[in-house]
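With the hints as a guide, dock the two chains, each given alone in a separate frame, to form the complex.
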Amino acid sequence: GNSVTQMEGPVTLSEEAFLTINCTYTATGYPSLFWYVQYPGEGLQLLLKATKADDKGSNKGFEATYRKETTSFHLEKGSVQVSDSAVYFCALASGGSYIPTFGRGTSLIVHP
Amino acid sequence: SQTIHQWPATLVQPVGSPLSLECTVEGTSNPNLYWYRQAAGRGLQLLFYSVGIGQISSEVPQNLSASRPQDRQFILSSKKLLLSDSGFYLCAWDGEIANTGELFFGEGSRLTVL
Numbered sequence: 544g545n546s547v548t549q550m551e552g553p554v555t556l557s558e559e560a561f562l563t564i565n566c567t568y569t570a571t572g573y574p575s576l577f578w579y580v581q582y583p584g585e586g587l588q589l590l591l592k593a594t595k596a597d598d599k600g601s602n603k604g605f606e607a608t609y610r611k612e613t614t615s616f617h618l619e620k621g622s623v624q625v626s627d628s629a630v631y632f633c634a635l636a637s638g639g640s641y642i643p644t645f646g647r648g649t650s651l652i653v654h655p
Numbered sequence: 134s135q136t137i138h139q140w141p142a143t144l145v146q147p148v149g150s151p152l153s154l155e156c157t158v159e160g161t162s163n164p165n166l167y168w169y170r171q172a173a174g175r176g177l178q179l180l181f182y183s184v185g186i187g188q189i190s191s192e193v194p195q196n197l198s199a200s201r202p203q204d205r206q207f208i209l210s211s212k213k214l215l216l217s218d219s220g221f222y223l224c225a226w227d228g229e230i231a232n233t234g235e236l237f238f239g240e241g242s243r244l245t246v247l
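Protein chains in written order, with my numbering: chain Y, 544 to 655; chain H, 134 to 247.
Chain H extracted, bound-state conformation (with noise of 0.2 Å):
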């Protein structure tokens, strides 16, 4: 069966410190993955999605980045945090039938920076 991970899963940090949020895939390969992020009243905006290694696509101009170094590892950093990106930061992948719009997300990583 295929599942996914993310963490840590709760994260406090100092403004202008770096972040790096992993995000993993098992029992499927080459699946579109996705970075959102759920800030308080504020819905799920969505950051970064990926179609496959390397290929990374950003959905909003942000201090954060995204990479895709092997087909099932997805990685959420950022090189100094603002104190705007305390979050609910969410990893989801497509499902094994891609394209149908269904996502299934990740446990989550709570940031708080300070």
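Pulled out of the complex, with its shape left as it was, chain Y reads as follows (with noise of 0.2 Å):
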């Protein structure tokens, strides 16, 4: 079946450090891949997506590229603000029903 295995957090940085966020897949197919992003005490809501291998997708700074060879779509930033401090979850979807599946999340906190 379809699986996400994220990283562990939280991960802690200093403002305008450097962030990554591993995402790792299994799945059956061309799964399309999604990172969403919670703030404290809010729903979901999409940050980026990508829908085959090699695309980027990019948003608010954020980027990450759909590795097919690795089944990998880590997500990015140069440069993080404290602003930036949620929880990240990395999704794929996939098959007929499209239903998507969850990574545990990864708990972000940007110090100023």
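Any given hint could be a false lead.
In silico SDA-like links for lysine to any residue, alpha-carbon gap of 20 Å or less [claimed, not checked]: (1) H:K213 with H:T136; (2) Y:K603 with H:E235; (3) Y:K595 with H:I230; (4) Y:K599 with H:E155; (5) Y:K603 with H:F237; (6) H:K212 with H:Q195.
Don't read these hints as lab results, they were simulated from the structure.
What follows is the structure, given as structure tokens:
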């Protein structure tokens, strides 16, 4: 079946540091890949997505590249801000139903 | 534009009491709807999904049930809450273009069972 593995958090960084949150997946076929962000006390919202191999999703300074050869979709940002503090979820969807499978989430804490 | 709402936002209930969480989607018809639970440190767990009125699929056996009495309404219920039912409950739909894997979430309902 489908599965998503994310690095465990929390990830603690200083403002303007470089961010990487690792995500690897197992899936049948050719899944679409997503990163969602959850700010404290809120629901999830889509951050970026990629639908085929070598696609790069980007939004708000965040980027992730769909790497089929390594089955990975790592999230990166060159310079994080305090306002980026949130929980980040990697997810995939594939197959006929397209119900997404989520990773466990990675908490990011950015200090001033 | 389409929006999704769920309520109540916060709920504190004693063990053994009933539960009703409600979710509605505006501005669309026949959406696919989902209930997820987010327990502390355990990520998102899909509880139920629905592709139409009266059509409910359960992903895990548990103390909860779901109903879809109207096209844009999705209700999560329990007759008798357990301590383990505590968590953050999220309703979602998959947008105007269904089956892309992208979901749109409500604001969440935090349930504490004491």
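Do the alpha carbons of Y:K599 and H:E155 lie within 20 Å of each other, as the hint requires? Roughly 37 Å separates the two Cα atoms, so the pair is violated.
Satisfaction of hint between H:E235 and Y:K603, Cα-Cα up to 20 Å: Holds: Y:K603 and H:E235 sit about 18 Å apart, inside 20 Å.
Going straight from one Cα to the other, do Y:K603 and H:F237 come out at no more than 20 Å? Answer holds: Y:K603 to H:F237 is near 18 Å, not above 20 Å.
Take a quick look at whether H:K213 and H:T136 sit within 20 Å of each other, Cα to Cα. Roughly 31 Å between the alpha carbons, so the hint for H:K213 and H:T136 is violated.
Keeping to a limit of 20 Å between CA atoms, is the pair of Y:K595 and H:I230 held or broken? 18 Å, holds
Restraint status (C-alpha distance of H:K212 to H:Q195 at most 20 Å): 12 Å, holds
Hint compliance for this structure: hints 1, 4 are not met, and every other hint is.
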